[in-house]
Amino acid sequence: MNAPLLACGGLTMRFDGLVALDGLDIEVGKGETVGLVGPNGSGKTTFFNVVTGLYKPSAGSVRLDARDLFAKPPQMIGRAGVARTFQRSRLMLDQSVFDNIVVGALCRLDLGLFSNLFRRRRWCDELGGMVDRARALAHRFNPVIADRLFQPAGSFTMIDRRRIEICRALIGAPRLLLLDEPSAGMTHDETRQLMDDLLAFRQEMPDLAVILVEHEMDVIRRVSDRCVVLNFGRKIFEGTFDALIANPDVQTAYLGVSQ
Amino acid sequence: MSSIPSPIPVLSPLRMQRHPRAVVVLTVALLFAGGGLMMHAESQIQVLGLLAAFLVMFAIADRTPLGQDISAICGDYSGFANGVAFVCALGLIVVFRGEHYTLLMLATVALFSTACIALNLQLAFAGIANFAGAAFFVLGSYTAAVMTAYAGIPHLLILVVSGIVTGAIGVILLLPVLRTRGHYAALVTIAFGLLLRSLLEVNDTLGGPQGMKIKGFSILGLDFNRVSSIGPWDVSFYLPYAVLSICIFAVAFTLIRRIERSWIGIALDAVRSDETAASVFGLSIARWKVVAFLIGNAVIGVAGAVYGMMNGFVTPNGSGLGDSLLMLSIIVLGGLGNFWGAVVAAMVILVIPEKLQAIQEFRLLIFALLVLAILLFRPSGILPRPIRDLSRFIGRPGAGA
Amino acid sequence: MDVGILAQQLFNGLMLGVIYAMIAVGFSLFFGVLDVIKFSHGDVVTVGAFSSLGAVGLAGGLVALPPVLALASGIAAAVTIGALAGVIIGRVLVLPLRHAPGVNVLLATLMAGTVLREAIRLGVPNGGNPKPFPALLPGGVIKAGSFSVGVDSVMILAAGLLLVLGTHLLITRTRFGLAIRAVAQDGEVARLSGIDFQTVVLGTFALGSALAAFAGCMLGLYYREINFNMGVLLGIIGFASAVVGGLGSMLGPIIGGFLFAGVQTLVVVALPVSSAYKDVIAFAAIIILIAIFPTGLIAERRSERV
Ligand SMILES: Nc1ncnc2c1ncn2[C@@H]1O[C@H](COP(=O)(O)OP(=O)(O)OP(=O)(O)O)[C@@H](O)[C@H]1O
Ligand SMILES: [Mg+2]
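Chains as they are written, first to last, in the working numbering: chain A, 50 to 308; chain B, 1316 to 1716; chain C, 2 to 307.
It should be emphasised that the hints constitute simulated quantities derived from the structure, not laboratory data.
Predicted, not measured: the structure shown is a model, and the values here were computed from it.
Please note: incorrect hints may appear among the correct ones.
What the hints assert, rightly or not - Chain B stretches covered by chain C per the calculated footprint, using a threshold of three residues with CB under 8 Å from any CB of chain C:
id	region
1	1360–1370
2	1504–1518
3	1638–1649
Even for Gly, the Cβ is constructed at its ideal location relative to N, Cα and C.
Let's have the full structure, built from the sequences with the hints guiding it.
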């Protein structure tokens, strides 16, 4: 693997006494999909929050393509090309689906006061382009969403809301995508469908790196090139899925037996 | 669209759909006629009758399929409806050309509505609770008072400068407002309003408690205060002020509506509803709050300047917490984020107590109770904010609509 | 400067501090249990003052009461009606709006304050004007050099300090206090462990409001004059003290109250422009303090979970 896209070294995050991340080293290459697993409370979401700048880590380093993103403000990290979904869905339920999705690309659009207010024709053209993109994206995950692009996000089911969140994360053409339990609450078939859609999308964006947090091992097996297992904020395993299954440390971690 | 046949054949859904613009024109004209009568009404019976008529109309619009159809059509043709509204407002001015009091009221409603739209930009879009709206309004008047004292400054320029000055004074509050959230930010603006008021009262440079006189507006040699006739008609000198106020309202309305329906509007909504998510997607919370706060205050300042010039004087009295609360009541009552709702609520709050002497003394009490009722039972206000439907701006109709 | 005048100012400052602290504690308690700011709290102070005035007047009109009993009836009325007002606002407005956007609660409680204020202005005969408050405490003056202070003032100050201390003990030492702290810590967990959430919340409102109403009574006794809109300023200063000291904590608002009074007194003593600018400076201080400590001196510790 040549220079990794995301390189985290010695990441440590403490909440008062609790060490949620403990000297974590994780690297992700361009176009790679890493499955991040671990028991509840092992620090997976915290890792995402640290990478996206929502939590200020206590120590360590975060680099995206050699650019230092350690403890930088979230908006800077977002603009650098990191997008994510949230474990607990965070959408603007009163706004339309389109508004929600386009938020993911806003920082790449022309946000100047003058051009938004007075170059309306140009703005309408830009809008047309974004609506097409949002619709195409939504169509991949569920055609119904594409058909109801201008209805409130709150009128959709939880599962569709998760799909909308994924569209929001993808529309800005990120370089690194962090998915935090995207299939939570979905049935087995829905999960499969979602993963198929994601895999199909990945075909078109070969450089996109993905870190996927997922409890369903089936999903992890299908989509990830490499797996990382966390326990108590520490990396206890890294390797292929098959090696993961066979690893005794992982088994004890999941069975809750203390080492 | 409902398929229930209308009892009134002219208003059958099919016909309405075929002539949507006619529906819009009739509806808007009817509403403005009612509003005009309300401002003009003199006897208590008339006022109460009109009030009852409005309540019935509102109930129809809100609850019956027919009313909902009409509302929907007006919503679909909102640009057209706004144009019609502008013409109707000018029409009211022509009709009441000689009535001082009616025109004063009309201009007052227009200017307060302008300020309230600006407050909507701050609160409904950006989520900044500005409890010093009246203070910024009065600041606009004071700026006009100071500047009109110097002859030779074009008055249109004074309006612009009033906006800039109020916006700039708002800058003082930026740091605390940006660093805090919710109640803390509210405290900052409340403290600012009270500070300004006590400062104006104890310090004599700006006239102390008596306030200042303000010269009337004049443009291109036309002194508004001396207008007494146009062509063959005798008119009130409030007529040009009413026209100016409505133009100011129209400009502010268009400006802020465009902000709402642009990337900026979406950014503001994102920042308001979830700062965490907005920042993850690269939006700068501070930038958008600054934009909304400063533009909002500037617009309030311009409205205040015109109001001051129309009245001819300004005192610290209008800048208190009570008046700021009244402005916020207007936007909550009207429906956060709904501009026409603010106009309706401004009518309710500004005009009705003037007309019903019986309640004048109790106005604050009644409004406070009214706002409480709205907050408890209909938190989205009289006219809830419609969803932002950008599909109308793209070349083809929205899919699935 | 004359030591006597300095001591006089110090005494004034202490008195103000106690009153601010009594109001600020309520803000902090409400915020602790419900995460809301009850802006009507300042007007509960006014309600307290007017209730005691009414009770004293009423009782005095019926039978010639000795001052002690008149005072007792005044205090009882203030505390009961104040607590009642707090509970009603809590039950009717704050609890139902608990999950609404923060601004709605803010506006609702501000409006509730307006209702109280207007009700007093319109309901009390000639309520728009300042009202004289009877002297119910023993007269007499304590003198020390050029410093002199009324016995009544000392009693008021002592009562205030005792009450603040008492509330502190109530919160830290009693079962009720424990329940309040449990709810403040985590309402959900408290509910699961068998604490009656609503009762505790309303009890907290009663406690905080009774304290504020008592402060209103003290203000009347101290300044001998009350006014229908005295609560606006007191509410804002009380809130600011709570914010500066750290919302949700118990000690913070007390410190904040004294700090605020200290600053105000210091300004009056140090600056010749004097009392006219007292309020201007108080408000400027609020804005500056919040700019510097956006979440209070004793920072409100809260990292949002994502
Ligand atoms: N904001 C916070 N403040 C205090 N502790 C926190 C915070 N966020 C996370 N933690 C703690 O850090 C640890 C790791 O939590 P995290 O949410 O990262 O786990 P997770 O691996 O995502 O678990 P799950 O599978 O349940 O989502 C937990 O013990 C959690 O309680
Ligand atoms: Mg998690």
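Cross-check of the supplied hints:
1. Against chain C, the region 1360–1370 of chain B contributes 0 residues with a C-beta closer than 8 Å to a partner C-beta. That does not satisfy the three-residue criterion, and the hint is violated.
2. Requiring three or more residues with a Cβ within less than 8 Å of a Cβ of chain C, the coverage given for the region 1504–1518 of chain B holds, as 8 such residues are present.
3. Using a Cβ-Cβ cut-off of 8 Å, 4 residues of the region 1638–1649 of chain B lie near chain C, which meets the minimum of three, so the contact claim holds.
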